[in-house]
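Each chain, letter by letter, is given below.
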Amino acid sequence: DTGVSQDPRHKITKRGQNVTFRCDPISEHNRLYWYRQTLGQGPEFLTYFQNEAQLEKSRLLSDRFSAERPKGSFSTLEIQRTEQGDSAMYLCASSSAGERESGELFFGEGSRLTVL
Amino acid sequence: AQSVTQLGSHVSVSEGALVLLRCNYSSSVPPYLFWYVQYPNQGLQLLLKYTTGATLVKGINGFEAEFKKSETSFHLTKPSAHMSDAAEYFCAVTSDSNYQLIWGAGTKLIIKP
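If you read the sequences in order, they're chains U and X.
For the first sequence, the residue numbers in this note's numbering are 215 to 330.
For the second sequence, the residue numbers in this note's numbering are 61 to 173.
Keep in mind that a hint or two might mislead.
[What the hints assert, rightly or not] Below, simulated DSSO-like cross-link-like pairs (lysine-lysine); rule was C-alpha separation at most 30 angstroms, straight line:
no. : chain 1 : residue 1 : chain 2 : residue 2
1   : X       : 109       : X       : 172
2   : X       : 129       : X       : 168
3   : U       : 228       : U       : 271
4   : X       : 109       : U       : 271
5   : U       : 225       : X       : 168
6   : X       : 109       : X       : 138
No lab work stands behind these hints: they were computed from the structure.
Model the full structure from these sequences, guided by the hints.
Structure below.
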C-alpha cells in the first residue's frame with residue numbers, strides 16, 4: 215500500500231464550473247476525512263466518513279459541496295458552481311477505527327484548486 | 061471549545077541551533093495533543109503525540125515535546141537543527157467530538173546555513 219492518494223493534484227477552473235476530487239485511502243482504514251487548507255492556515259475540517267456513512271459535515275460546507283464514499287473505499291468531493299473563495303488545498307486523510315484517540319491521520323498530498 | 065495557538069508564523073534558526081516551536085491550547089476536556097509536519101509538496105505526517113502518561117514525548121527526526129498542563133502548552137523542540145527540518149509544523153488538539161482535530165495555523169521553520 216502506497217498511502218493515501220488524491221487526484222487530481224492540481225485543478226484550475228473558471229468560476230461557475232463544477233469540480234470533483236477523488237481520494238483513495240489506505241485500504242484497511244475505514245475512516246476518511248476531508249479538510250480544506252488555505253495559505254497561512256491549518257487544515258479546516260469539512261466532513262468525515264466511517265465506512266460508507268457520512269457522519270458529520272462542517273458548517274463550513276455549503277450546499278454546493280457534496281461528498282460520497284459509496285462502497286466504503288474511495289471518496290469523492292464535488293464542488294458545484296465554484297466561486298473564487300473555494301480556491302484552496304483540499305486534503306484527504308484516513309485512519310483506523312479504534313485509533314480515534316491516537317489522532318493519527320494519514321494524509322494525502324492534497325488537491326489544489328484554483329478558481330479563476 | 062478547543063483552540064490552538066502557535067506563536068510565530070515563521071521561525072528562523074541557524075543550522076545546528078536549538079529549535080523551539082510554541083503551541084498553546086485551550087480544552088474543556090483532557091487534551092490529546094499532536095504535532096504534524098508538512099514538507100514542501102508533501103502531505104502532513106505525524107511527528108509525535110501526547111495522549112496519557114509521560115509528559116515528555118519523543119517523535120521522529122530527533123524532535124520532542126513536553127505537555128505542561130499548568131501552562132496549557134505543548135512546545136516542540138529539537139536540540140540541533142538540520143537543513144532537512146525546513147518545513148511547516150502544525151500543532152493540533154482533539155476536539156470534543158470523536159472525529160476531528162483542532163489545528164493551529166502552523167509555523168514555518170526556516171533553517172539558515
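Unsatisfied constraints (hint numbers, rising): none
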